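Chain by chain, the residues:
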Amino acid sequence: MSLGRQDVKTVEAFEVTKGAASKPEIEPRLRADGITVGYDQRIISKDLDVSIPAGSFTVIVGPNACGKSTLLRALSRLLAPSSGQVVLDGKLISSYPAKEVSRRLGLLPQTSIAPDGIRVADLVARGRYPHQKLFQHWSRRDEAAVIRAMEATATTEISHRLVDELSGGQSQRVWVAMVLAQETPLILLDEPTTFLDVAHQMEILELFRTLNKDGDRTLVAVLHDLNQASRYASHMIAMQDGQIVAQGPPKTVITAELVEDVFNLPCLIIDDPVTGTPLVIPRVSRT
Amino acid sequence: MTMQIDRVGGRTNGTVDFGRSHFIWRRTDLASTRVPVRSVVVCGVLALVAFGVTLISLSTGDFDVSVAEAARALFGTASSQVELVVTQWRLPRVLLALVLGGALGVSGAIFQSITRNPLGSPDIIGFNVGAYTGAIAVIMLLRGNYLQIAGGALAGGLLTAFAVYLLAFKKGVQGFRLIIVGIAVSALLGSVNTWMLIKADLMWAMSAAVWGAGSLNETSWTQFYPVLALTLLLVALALALATRMQLLEMGDDAARSLGVRAEPARVSLVVVGVALTAVATAAAGPIAFVSLAAPQLVRRLTKGAGIELLPSAFMGMVLLVASDLIAQRAFAPAQLPVGVVTVSLGGIYLVWLLAREARRRK
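Residue numbers (this note's numbering), protein chains in the order written: chain A, 1 to 287; chain B, 1 to 362.
If you are wondering where the hints come from, they were derived from the structure by calculation, not from laboratory data. Here the structure is a predicted model, which means the values were calculated and not measured. Some clues are possibly wrong.
[Claimed, not checked] In silico DSS-like pairs for lysine-lysine, Cα to Cα no more than 27 angstroms straight-line:
| id | chain 1 | residue 1 | chain 2 | residue 2 |
| --- | --- | --- | --- | --- |
| 1 | B | Lys170 | A | Lys99 |
| 2 | B | Lys199 | A | Lys46 |
| 3 | A | Lys213 | A | Lys251 |
Start from the sequences, fold in the hints, and give me the full structure.
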C-alpha cells in the first residue's frame, strides 16, 4: 500500500473542493462524503466533504469549537455521522468489523486513562489488541511490533516504569507508542501536543514527521499552533464554524486574510527563517 | 510442535522489559500468551490458603475431627462415620463458600473495572438491597419456599441493577454516576425493606431477617451442583471478556479505537457481573464485603495493572471460606450467619477505603 512521494504530490495537486468535480487519480485512503455530525440535537458540521491524501501529513487547524475534533472522531468512526458516509480504503467504514478498522486506522484520542499501576510496556502492548486472536495474545509479531514502537518513540529505556509516574512528555510518547504498536498505515492524532512544553511539542512533531516520511504512514493531526502546523503539514485543512474554509499545502492555506478571517487575528505572514514555511506574526491592534 | 516456556525479565536483548517477570508461552504461531509471574504465584498461594482453611473448616464442629482425618476423609480413606460428617455434612457448605466467594470476587472485579472506582462493587450499588427487597416480598406475600425466595431475590436484584443502569444511563454509563445512583437507590430500597419488616407478622419478619443476614448454614449437595455449574459458566464468560474489560479501563475512545465495541462489551460485562452476584445472593442471601474487598486486596498483592479477574476469584474464595469459618467458630456453639461476619469486616474495610480515597483525592 505504499505510495512514492511522486504520487503523493499528484494527490496534493488536486485540491479537493466541495462536491469535487475532478476526482483524484489516486484514491485517498480516508474520506468523508457529505457528512453531518454533531452531538445529540446539536449539529456541528453539515454536509462536510473531506479527503485525506494517501501518504500525507494532514493537519487540521481552526479556532476552538470549530469542529476539528468532531471531524476527527467522525473520520475514526468514534462518532457516527447522522447523514453522509466515511470511506476507508474504498469501503464504508461502518461495513468493516471493529477490529479490522483498528488494523487500518489508529487513533490517539484527546484523553485516555492509564489504568492504575500499569507499566509502560504493558500499555504499549495493549495496542496489539486488534491483531490478537482468541488464543493468540503475545505472538513474536506482537513482541516485535512493541519493540519497534518503543524504539521509535524512545520509550525503551522507560519501558519498566509506571505510567502514573512519568512526566507529561514521556507519557504522551508512551500513548503514541501504543498507537504505533497497532501498526496501522493511517494514524489520527487529536491534539497530540496539548499539555506538552514547547521542546516536547517539537520532539513529538519530529517523531510524526519521521513516521510520515520514513514509515510511509498517512497522518492526520489536529494542532493548535499555526506555525507548527505550517512547518510539519504536507496538507492542511482550515475549519471555521464546522465548515472547511481552505485546504491544500500550508503556503496556500495560511494567508494573512485567512488567519484574520478565521481566527480573528490581524497578522503578518513571513517565511519561517528556518524552514521557509509560512510564519504567522500577530499584529497588536493598539490604537 | 514444541512447547516452550521462558521466563522473561530484566533487560534482555530483543525482548521487552515489562518491569516484572512474565511467563511467555508460545505454541507454533497459533497460540501464545503472556502472564505475569506474580499473578500466577498469587493465585497459587491463595488457592493453597483456601485449601488450608477448607480443611480447618471440615474439621470444625460439634463432632471433633482432626485436620489430618478430614483430609483423609476427602480422599476416602477415613472411617465411614468421619466420612459421613466430613463429606455429607460439612463439605457442601465449605465448597459452596468457595464457589460463591469466587463468584462474588469476579463480580466485584467486573464492577470496579467498569466504574473505575474501588467503591463500584455490587453490594454498594444496590444489588444486595434490591435482592433483599425481592426476598422479603416473596416471604411476606407468597409465604414462599426456599426456591421461590431465591427466585424473588434474583428478580429483585436484577430489577434493581436494571433500574440503576437505566437511571445512570446518559449516552453510555459513566462509573461515578452509576455509584451515586446505586447508593441512592439502595438507600431508598433499604427503607422499603424496613417498612415491610415492620408491617409484617413477627414470624415472617423473623424468617425474612434470617434470610437477609446471608447464611451458608444447612447447605446440601442438591443445592450445590446447580450453583457450581452456573458459576463456572459465568466465570468462563467473564474471562472471555477480560481483555475487553481491561481496554475499557482506558476510556471508551481508547478502547473503541483499538476495535472494542464499547457499549456492547460493557453491557455483557454488567450482565455477567450481575448474574454472578445474583447466583450468590439467591443461594445464600446477601453477602457484603467480598466483592468490595477482593479485587482491591488482589491489586495490593499482584501489583498488576488495573483489575484482575482470576486472582480476584481466588481472593473471594479465601475471604468467604474464612469468614464462614469465623461465623461458625467465633461464638460456638452458636452459629452466626456468614453475612454478619462479612458485614462487620466490610464496615472496617470501607472506613479504611474511604479515608484513603479521601486523602488521595486531596
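In rising order, the numbers of the hints this structure does not comply with
2
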